[in-house]
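Residues per chain, in single letters:
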Amino acid sequence: MSHAGIRAVVIGASWGGVNASIKVLSALDSSFPVPLFLAQHQRYESESRLARVLETRTQMRVVAPEDKEPVLPGVIYVSPPGYHMMVDGNATIALSCHWPVHYSRPSIDELFFSAGHVYGGGLLAVLLTGANEDGAEGIRYIHQRGGITIAQDPATAEAPVMPESAIRTGCVDYILPLDEIGPFLREQVSSRRK
Amino acid sequence: MSEAPQINDQYVDMEDVEIRLLLEAIFHIYGYDFRSYSKASIRRRVLHRLNLSGLPSIMEMIDRVMKDRQFFVQLLNDLTVNVTEMYRDPQFYRSFREEVVPLLKTFPFIKIWHAGCSTGEEIYSMAILLEEEGLYDRAMIYATDIDKNVLATAKKGIYSISAIRQYGENYLQAGGKSSLSDYYTCKYEGVIIDQRLRRNILFADHDLATDQVFGEMNVIVCRNVLIYFDRDLQRRVFQLFRDSLDMGGVLCLGTKESLNFSGIVDEFEPVDGKMKIFRRKQVSL
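Heads up: the sequence lines are chains A and B, in that order.
For the first sequence, counting from 1, position 20 maps to 20 in the numbering used here; every step adds exactly one.
For the second sequence, counting from 1, position 272 maps to 1272 in the numbering used here; every step adds exactly one.
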């Protein structure tokens, strides 16, 4: 089954998430026709080391965005440490330092809610490994907005709590082992190029 | 799959209208103007307060805001985001000390505008830095914020003991010359900043969205304030900063804030591009 009209992809990850995201993103290249946003829990530092690591592991362009950065297809936006990353309606990035959500800034829910609001049924969301419940409410919201939701199969997760709590919402469309998520994204999103 | 109710585009559009009405109500009743703030950002924070309040809808929230000042003050605190710390981004202060202080030493008098100073932690950070560099006696810091409540906290200069330990580390990383504890005394459950540091600070309320130029500054510090504005308001404020800044004056932004979309990028040159310290170019006539 293929889903028409995916306009953006969001990925959330926490404990064990760097390796998991590398696994997923290394399957994609610059022909990926939509923007991809990644919220990975990390502690505060002034530079985004994660973006620099990812850069060497995927063919897509990787950006740790500044505020109001325009959103472009084929680019991975990595939430900068210490900031919530959100998508604004006019296709720009909005950063915020408001309170941590689930003890986290960046928080996955903050990204998922904002992208779910903007892209509605055109959003595909992936929740990867993690040891807390951030992202579950965001998955529920994206599902309610008609988007597609994927959770990493907890059996393949370094920390299963996060995908498990998403699955418990009853709002997850696909539960996939880690190594199938990248190829799945490539098929689901790339097959719909004009 | 679940029976979770769908939230269609029409519902979301209505919600956006309700948020706009809420911001209109706040502006007309209390005078605070959030109408040109980043929509994504405002939305998350309004829905957060809605959630905590137990109110059934934004329309009910508007009603409550209009009648209940106490409730409004709570919401105001959510909307203005008062997250700050002493020597936040130590690298910024280190760079300021190394790159900007030598320049300031050539000035007979130094006027610094700290816009969006919140509860004051970064004001005192700057005051200490200038004191240690022997510049404070010829400096004046104009500390402004939209929210009078946080300004009152800033004036008191009382902070929690739990936070001060982190601040002490930041201070050292920022290139501090002694120990942060030289600048405060413990009192009950908190610490109070050395009152002598207040001697050259002027606190005032100022709304970047509606108020005017703050004249002839040598330095403007406005870090992690503009991220909450939409692009049009950002542009307005960037022009306001340019017009408030002397030729050769220094503009300091948050590390994720950019001059690229500001409309004034050509009029500034980077002093430290990474730490977002810029200098207004001298224009020869």
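Just so you know, these hints were derived from the structure itself, not from any lab.
Computed from a predicted structure; not experimentally measured.
The beta-carbon is built from N, C-alpha and C at its ideal position, and this holds for glycine as well.
Be aware that one or more of the hints could be misleading.
Coverage of chain A stretches by chain B, computed from C-beta distances (three or more under 8 Å per stretch; other residues unrestricted) [to be verified]:
no.: 1; segment: 9–21
no.: 2; segment: 60–68
no.: 3; segment: 93–104
no.: 4; segment: 115–122
no.: 5; segment: 128–137
Hint check results:
{"no.": "1", "hint": "9–21", "verdict": "violated (count 0)"}
{"no.": "2", "hint": "60–68", "verdict": "holds (count 4)"}
{"no.": "3", "hint": "93–104", "verdict": "holds (count 6)"}
{"no.": "4", "hint": "115–122", "verdict": "holds (count 3)"}
{"no.": "5", "hint": "128–137", "verdict": "violated (count 0)"}
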